[in-house]
Structures are given as C-alpha cells and as structure tokens.
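Student: Sequence:
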Amino acid sequence: MAKEIKGSWKERTAGGCFNHPTWRWNPQYFLKLDKGFVGKVKIVLSQRAKKNQIGFYLLENDGTGRRVLSSKNIVGKTGFKSRDSISLEAELNASKSPYIVVPCTFDPSKEGRFKLTLDQGLLKEITPDRDWYELGVHSRWKGISAGGCKNHKKTFSKNPSFVITANVITDKVVIILSQTQKPEFNPIGIYVYQADETIEIDNLSSRDLVIKSTFEDGNEATVTCHFNPGRYVIVPCTFEPGHESSFFLTIWSNRRLEGAGDGVEWREDGIVVDIVTNEDKLALEIRETDKLRELLIKEKEEHLKEKEKLIEKTQQVEVINKKVVDLNRKLESLEKDLSPSEDVSIRLKIQFQKLKDLMKLSDRISLDNPAWNSQKKQL
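According to the numbering used here, the stretch in the sequence shown is residues 17 to 395, in order.
A couple of the hints might just be wrong.
As the list claims (entries may be wrong) - Taking lysine to any residue and the SDA-like style, the derived pairs with C-alpha atoms no more than 25 Å apart in a straight line are:
{"hint": "1", "residue 1": "K166", "residue 2": "F201"}
{"hint": "2", "residue 1": "K174", "residue 2": "F264"}
{"hint": "3", "residue 1": "K26", "residue 2": "I142"}
{"hint": "4", "residue 1": "K93", "residue 2": "E107"}
Said to hold, decoys possible - Cβ pair distances, simulated, as ranges:
{"hint": "5", "residue 1": "D212", "residue 2": "V54", "range": "52 to 62 Å"}
{"hint": "6", "residue 1": "K316", "residue 2": "D212", "range": "55 to 65 Å"}
{"hint": "7", "residue 1": "K131", "residue 2": "D212", "range": "26 to 36 Å"}
{"hint": "8", "residue 1": "K112", "residue 2": "D224", "range": "30 to 40 Å"}
{"hint": "9", "residue 1": "D224", "residue 2": "S24", "range": "26 to 36 Å"}
{"hint": "10", "residue 1": "K22", "residue 2": "D123", "range": "17 to 27 Å"}
{"hint": "11", "residue 1": "E334", "residue 2": "D306", "range": "22 to 32 Å"}
{"hint": "12", "residue 1": "V91", "residue 2": "D306", "range": "48 to 58 Å"}
{"hint": "13", "residue 1": "V341", "residue 2": "K316", "range": "28 to 38 Å"}
{"hint": "14", "residue 1": "N109", "residue 2": "S173", "range": "45 to 55 Å"}
Honestly, the hints are just simulated from the structure, not real lab data. We treat Cβ as the ideally placed atom computed from N, Cα and C, and that holds for glycine.
I would like the entire structure built from these sequences, with the hints used as guidance.
Tutor: Dropping the structure here:
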C-alpha cells in the first residue's frame, strides 16, 4: 500500500463515468485509514496530458472486499474537467472495510495514464484475486421479444431469456441489467427462476421464481441473491410490452458460473456480443433476397437493351439485302434490254459501284457486332 499510486485507462479499463454500465471496469483502489482516524482526507487525481475530462468517485465498501458494483454508496465525487489534476477533500473516519476510489474519464474508451495521491491513509489496487467472476451478454427487446413484465401473461414468455448453471453453492450473485444511453429510459426489471432442463420459459411459474428486482426508471436495474447448485433462467424485461431497446446483462459472482442458451454467446472477459434472434435472421434473408431481385432485374434490362440493338441491326441488314436484290434485278434487266454502248457501260459501272458500296456497308454492320451471326440465329 502507498500514498501515491500510478495507473492507466486502457481498452476495457477505460470504462467512463457512472452514466455508463462499463464504469465498473475502471481501475479501483482500496483506501485504508489508520485505526481511529477521524478527519479530512485530500485525494488528488492527475494526468500526464490535459487531454481527457477526468474525475473520480469515493465509495463505501460493501463488505465483500471486492470491486464495488453499486453506485449507491457514494461518499464523495468530483466534477469532470480537462485539467492536469483534480482533487477532493472528504471528512472520513477509519472503518473495518476500506473505502474505494474509482478514477475515470467522463466518456468510455478514453485511454490515458494517471496518478492518485493521498495526504492521509494508504492506497492499494484491487487485483484479480480480489475481483468477481463475470458473465456478460448484449441483447435487445425488439418486436415480439419486447414482451413486458409478468403482468402480461400472453407476451412475457417472448422476452429474451438466459440460462445460468451453478455447479456449487454461490454465496453472492449480483445481476445488473443496463439500458444503453438515450433521452428517456423505459422502466426495466429482472426475474430469476430456478428450473431444470425439462421446463421451458412458457411453463415457468411463481413456484420457480427465486427473486425479482423492482422496476427502475433509470438506466439500470439490479438484483442480489445466492445460487444453490442448479439451473437458473434469467428474464430481463421492460415493464410494459412493446418498448424496444438494447440492453446489457451482466452477472457478477464470487464463484464461477456457466452461461448457456441457444444463440447466446456468453463472454467471461466483460466483452459482450449481440444475440441474433430468429426475427433478425428473417429480416436479413429478406434484405438479401431483395438485393438479388434488384440485380436480376438490372441484368434483364441490360439483356433487353442488347436484344433491341441486335434487332435494329437485323432490320438494317434486311433493308440493305433488299436493296442489293433490287440492284441485281435491275442489272440483269439492263444487260438484256440494252445493247452495248459507251453510255450503257458507264451506267453499268455506276450501278456496280453502288452495289459494292452497299455490300461494304453490310459487312461493316456485321463487323461492328462480332457475335452477329450466332445471335441472329437466336433471335
């Protein structure tokens, strides 16, 4: 433990302020005071470069000796400023459980290095051996899956549900449901049932209910309980059906739990992923089908344009062929009806020249379209 300690916000540990459910992933530090101490403690948070809006929270320990998960036990907090340092003086007294300091940036994903300094007491970082096991998933209420609370019997079972297995007695389980940030929050809550694999969500009853949270108007709802060995079904929901929203569901526990469920990928590192519902898959298939239909229509239109050009070429050649036939007939008639003379010879030369010109024109049309002969047969 020390009066001064250095740390950093990086990747996952850049969790942002308490407006975001990811604040719990920020670095956290025990603040231990000397036995019998009563008085003011000055805490200073400083950063190397004045680039981030920084601040910190001071909280009472919940007695678990682990990372703090609830924002309800705040003893003091600073504002958030883009400064080299920010400080807080708080009237504290020594207690059995140390206080906890949570330094953070205002927005998540803002990386940087920092330093915490005390004028009284000592600081110690909460290390993984004093941390929680964690499972997290990202999902949403959308369409028929926005089923509302248990009061709505016909739609409640349509809510997303998540299966957790406890293999040993788990004394402390904290389930946190968080909505993504938006101007107005829907009241949300959590139901926890214990049921074996033979019981579907449609058949869950009040007898299977272990605990439920109150419905909160804010961005989070929380429930704390313990698990005996067994299979548990967690149902997060809005109070009223039809209220669509994305949400994070995170389960923190003092013993390792196992996540399960069709189409759900649980993560143990705090990184959450989307769950793909059947409704989403159908919408994706419809979009892909529409794209394919548009492509086929475009190809058909281009084919029709090419066909129209070929027909036009065919008509031009047919006109030329008719003119050639007519000229041949006229030449044959001239050869029969006219006696050889200089004038006739000249006229014949002229007619033959016209014939050659027409033949060249016909050949040129064919050369302009190398696939002419084969496509002419198709037409």
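Student: Would you mind marking each hint as holding or not holding in the structure?
Tutor: Do the hints match the structure? See the list:
| no. | hint | verdict |
| --- | --- | --- |
| 1 | K166 <-> F201 | 19 Å, holds |
| 2 | K174 <-> F264 | 18 Å, holds |
| 3 | K26 <-> I142 | 16 Å, holds |
| 4 | K93 <-> E107 | 12 Å, holds |
| 5 | D212 <-> V54: 52 to 62 Å | 54 Å, holds |
| 6 | K316 <-> D212: 55 to 65 Å | 56 Å, holds |
| 7 | K131 <-> D212: 26 to 36 Å | 52 Å, violated |
| 8 | K112 <-> D224: 30 to 40 Å | 38 Å, holds |
| 9 | D224 <-> S24: 26 to 36 Å | 45 Å, violated |
| 10 | K22 <-> D123: 17 to 27 Å | 22 Å, holds |
| 11 | E334 <-> D306: 22 to 32 Å | 42 Å, violated |
| 12 | V91 <-> D306: 48 to 58 Å | 57 Å, holds |
| 13 | V341 <-> K316: 28 to 38 Å | 37 Å, holds |
| 14 | N109 <-> S173: 45 to 55 Å | 51 Å, holds |
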